[in-house]
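Given the sequences, and given the hints that come with them, work out the whole structure.
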Amino acid sequence: MRLNTATERYYSLHYLHWLKRKQEDKLMKKSKEGICQNDVCMVGTKQKIKMSQNTKNVIHLSVVGLLLLISWLFGKMSILPLRLVDALSLLAVFLGYPIYIKAATSLIKGKIGVPLFVTIAEIASVAIGEYLAAGTVVFIILAGSYLEDFIIDRTRGAIKKLIEMMPLTARVLKEGGELVVDVKQVGIGDIVLVKPGEKIPVDGKVVSGYSAVDQSSITGESMPVDKVPGNAVFAGTLNQSGALKIKTDKVADDTTLAHMIHLVEEAQEKKAPIQNIADHFTTYFLPAILILSGAVYIFSGSLVRAVTILLVACPCALALAVPIAVVGAIGNAGRRGILIKGGTFVERLQNVDTVVFDKTGTLTYGKPKVTDIIPCNNSKLEDVLETAAIAEKFSEHPLARAIMVKAKESGIESPDPDRFEATVGKGVIAQHGGQTILIGTVELMEEKEIAVSGKHLTTIKSLENKGATVLLVASDSKLIGLIAVRDVVKDGLSEEIANLRSLGMKRIAMLSGDNRIVSEAVANSLGIKEFASGLLPEEKVSYVDRLKKEGHVVVMVGDGVNDAPALACADIGMAMGTAGTDVAIETADVALLGDELSKVRYTISLSRKAFQKMRANIVFAIIWNVIGLSLASLGYLTPILAAILQEAGCISVVINSSLLLFYSDH
1 MRLNTATERY YSLHYLHWLK RKQEDKLMKK SKEGICQNDV CMVGTKQKIK
51 MSQNTKNVIH LSVVGLLLLI SWLFGKMSIL PLRLVDALSL LAVFLGYPIY
101 IKAATSLIKG KIGVPLFVTI AEIASVAIGE YLAAGTVVFI ILAGSYLEDF
151 IIDRTRGAIK KLIEMMPLTA RVLKEGGELV VDVKQVGIGD IVLVKPGEKI
201 PVDGKVVSGY SAVDQSSITG ESMPVDKVPG NAVFAGTLNQ SGALKIKTDK
251 VADDTTLAHM IHLVEEAQEK KAPIQNIADH FTTYFLPAIL ILSGAVYIFS
301 GSLVRAVTIL LVACPCALAL AVPIAVVGAI GNAGRRGILI KGGTFVERLQ
351 NVDTVVFDKT GTLTYGKPKV TDIIPCNNSK LEDVLETAAI AEKFSEHPLA
401 RAIMVKAKES GIESPDPDRF EATVGKGVIA QHGGQTILIG TVELMEEKEI
451 AVSGKHLTTI KSLENKGATV LLVASDSKLI GLIAVRDVVK DGLSEEIANL
501 RSLGMKRIAM LSGDNRIVSE AVANSLGIKE FASGLLPEEK VSYVDRLKKE
551 GHVVVMVGDG VNDAPALACA DIGMAMGTAG TDVAIETADV ALLGDELSKV
601 RYTISLSRKA FQKMRANIVF AIIWNVIGLS LASLGYLTPI LAAILQEAGC
651 ISVVINSSLL LFYSDH
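Under this note's numbering, think of the first position of the sequence shown as 1, with each following residue one higher.
For the record, the hints were derived by calculation from the structure and aren't laboratory data.
Hints are supplied without guarantee of correctness; some may be wrong.
[What the hints assert, rightly or not] The calculated label-pair distances, taken between Cβ atoms and stated as ranges, are:
1) Glu178 / Lys461: 42 to 50 Å
2) Asp416 / Pro229: 30 to 38 Å
3) Ala243 / Arg419: 20 to 28 Å
[What the hints assert, rightly or not] In silico DSSO-like cross-links for lysine-lysine, where the CA-CA straight-line distance does not exceed 30 Å:
4) Lys548 / Lys490
5) Lys174 / Lys199
6) Lys369 / Lys406
7) Lys205 / Lys195
8) Lys490 / Lys393
9) Lys466 / Lys478
10) Lys195 / Lys367
11) Lys448 / Lys461
12) Lys408 / Lys478
13) Lys195 / Lys250
14) Lys478 / Lys406
15) Lys393 / Lys367
16) Lys174 / Lys245
17) Lys478 / Lys393
18) Lys369 / Lys393
19) Lys426 / Lys408
Glycine is no exception: its CB is placed at the ideal position from the N, C-alpha and C atoms.
In structure tokens, the structure reads:
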């Protein structure tokens with residue numbers, strides 16, 4: 001069972017409230033790392049069931065193999081009576097019931113596949129007393145089937161992670177005062193109070209208060225956004241510095257966060273399962289083999305020869321051709337910190353011609369950093385930085401933290417200010433040793449009548465065009481310097497973008513929730529000509545969907561919660577592991593366990609090699625079957641030799657696929 005089907009209502013917001021109440025009761029504190037982690041017992045239970053099923057598969061396969069081994073050894077050594085040896089082989093054949101069930105299901109649906117082919121061969125083998133040969137074929141087919149299930153059938157917990165962002169309760173302001181209520185009881189138009197450090201429970205507009213809100217989880221903006229009365233806020237975002245009163249516009253299933261949940265569900269359901277090439281081939285192969293087997297029986301009069309044809313023609317190697325190559329590719333990728341979540345995505349990746357990057361946290365570090373300090377009016381650089389650090393020492397704003405980090409790196413130990421006052425949206429005013437320090441925007445300087453020359457304004461504009469936020473530093477009514485802070489592009493990315501183009505990528509694009517100036521600066525620095533800025537999650541989905549409709553096979557690379565719907569919508573979603581959020585990693589088809597974008601190129605290159613192996617395996621398996629059929633038709637094979645020949649074909653496929661473990665694109 002896939003998670004999406006189960007989550008239609010199971011993962012509703014009502015379930016969330018029950019879930020988090022259980023958390024508040026601390027029923028699961030003793031097992032934070034266990035199956036019911038964070039008390040999300042539904043997801044944990046499914047993982048437990050899945051683990052249990054894999055174990056059952058291994059045990060099932062081991063029992064079949066053991067029965068066949070005992071039957072063969074004891075039969076050769078004449079230790080057990082022949083009837084008991086045959087009974088053991090028949091038991092092994094009976095344990096192939098998953099194959100027979102699949103065959104019956106396929107037949108009811110009017111489909112012809114490997115399970116039906118194998119079932120016919122099994123019936124014929126048992127009818128002529130070739131029990132050991134029939135059991136051997138069962139073992140080979142079960143091994144391939146269980147291996148494929150293990151690779152492809154992976155569950156995800158992305159919807160759970162999205163839901164956990166939603167606060168359980170809200171502080172609603174009523175005539176009688178402040179009332180803490182269940183968030184689903186908040187009505188449209190209610191005034192909600194959100195204190196510093198709390199998540200916002202509803203979508204709405206600020207009616208009172210000033211604060212900086214971290215809404216990167218929704219919009220992808222790298223910096224917290226200052227909120228004043230009239231500004232919109234989103235459920236699930238973090239209020240950082242001041243108390244806000246919010247008039248509710250949307251609640252529960254109507255919020256932007258809830259909409260993101262639905263987008264992920266819908267996009268994941270569009271993903272098709274891997275095409276079974278073996279089944280497609282056997283649709284035409286089975287009737288031909290039945291005709292050939294019947295013809296050989298008619299002309300030779302040998303039922304054994306006819307059954308041998310059925311056994312040697314069983315496409316066992318063909319059934320393993322794709323999943324074994326997938327194992328090799330996934331094993332290779334795993335050793336390099338790349339988690340590919342199934343064979344479907346190995347197959348899709350080899351057709352990729354378009355790569356779309358999220359900006360914040362993917363192409364950039366996602367943290368503000370001081371990049372430029374420009375002294376003004378004969379000041380010294382060290383004095384500018386020390387003065388700014390004194391003023392910002394008590395501030396929790398990300399820009400202030402960037403300045404404090406730079407001061408520490410420069411060996412500057414700033415004293416405490418005597419007085420500190422933060423002005424939301426403008427900056428900081430501080431007092432130290434009798435001097436007044438201002439750090440903030442041009443508007444703050446104008447308000448305090450600090451002169452800013454045309455030359456300095458030109459410099460500020462130039463830095464902003466490069467994507468920086470510029471802070472002006474003044475002391476005792478005089479501008480002493482400019483400090484530029486921006487989200488820095490990761491090292492070596494220009495080369496990686498060029499390497500992707502060398503793989504034949506037709507389009508490389510960048511999407512961002514940041515403003516156009518910041519986005520354009522990053523895109524230009526990396527040589528990315530196609531970019532879009534100021535995008536909400538649903539707009540990123542629309543962008544990716546448009547590329548797909550134009551005929552492109554799209555990889556989306558991201559790291560944030562706001563990227564999850566676009567990751568799910570893309571043909572292949574890739575999430576950054578170290579910097580990435582859990583929801584992005586779990587929604588993605590490929591998780592890059594690190595921040596090196598060279599892994600994007602390597603994954604595409606590896607998948608192309610893997611697909612070459614898949615095609616080679618399929619061609620080899622067909623040739624092997626043709627050779628076996630020829631020998632069986634001429635009477636050179638017994639049923640046991642036919643089964644051994646099939647096993648030899650399987651081993652050849654495994655050896656060819658295992659070479660993928662040693663693949664490198666260097």
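Structure-based check of each hint:
For the pair Glu178 and Lys461, the supplied restraint of 42 to 50 Å holds, since their beta-carbon distance comes to about 45 Å. In this structure, Asp416 and Pro229 meet the distance hint of 30 to 38 Å, their C-beta atoms being roughly 32 Å apart. For the pair Ala243 and Arg419, the beta carbons lie near 22 Å from each other, so the given range of 20 to 28 Å is met. The suggested pairing of Lys548 with Lys490 holds, with an alpha-carbon distance near 28 Å, which does not exceed 30 Å.
Between the alpha carbons of Lys174 and Lys199 the distance comes to roughly 20 Å, so the proposed pair stays at or under 30 Å and holds. Proximity of Lys369 to Lys406 is assessed by CA-CA distance (about 8 Å); at most 30 Å being required, the pair is judged to hold. For a cut-off of 30 Å, the pair hint linking Lys205 to Lys195 stands: about 15 Å separates their Cα positions. For the proposed pair Lys490 and Lys393, the alpha carbon gap of about 27 Å is at most 30 Å, so the pair holds.
Proximity of Lys466 to Lys478 is assessed by CA-CA distance (about 26 Å); at most 30 Å being required, the pair is judged to hold. Annotation: proposed proximity of Lys195 to Lys367 holds, straight-line Cα distance about 24 Å (limit 30 Å). Restraint check for Lys448 and Lys461: satisfied, since their Cα atoms lie roughly 21 Å apart, inside the 30 Å limit. The hinted pair formed by Lys408 and Lys478 meets the criterion: a straight-line CA distance of about 25 Å does not exceed 30 Å.
Restraint check for Lys195 and Lys250: the C-alpha separation of about 19 Å stays at or below 30 Å, so the hint holds. Restraint check for Lys478 and Lys406: satisfied, since their Cα atoms lie roughly 23 Å apart, inside the 30 Å limit. Distance restraint check for Lys393 and Lys367: the Cα-Cα separation of roughly 18 Å lies within the 30 Å cut-off, and the hinted pair is therefore satisfied. Under the criterion of a C-alpha separation no larger than 30 Å, the hint pairing Lys174 with Lys245 is consistent with the structure, at around 12 Å.
As the CA atoms of Lys478 and Lys393 are separated by approximately 21 Å, the hinted pair is consistent with the 30 Å bound. Of the pairs offered as hints, the one joining Lys369 and Lys393 holds, with about 16 Å between alpha carbons and a cut-off of 30 Å not exceeded. At most 30 Å may separate the alpha-carbon atoms for a hinted pair to count; Lys426 and Lys408 meet this at roughly 24 Å.
Every hint from the earlier list agrees with this structure, and none is contradicted.
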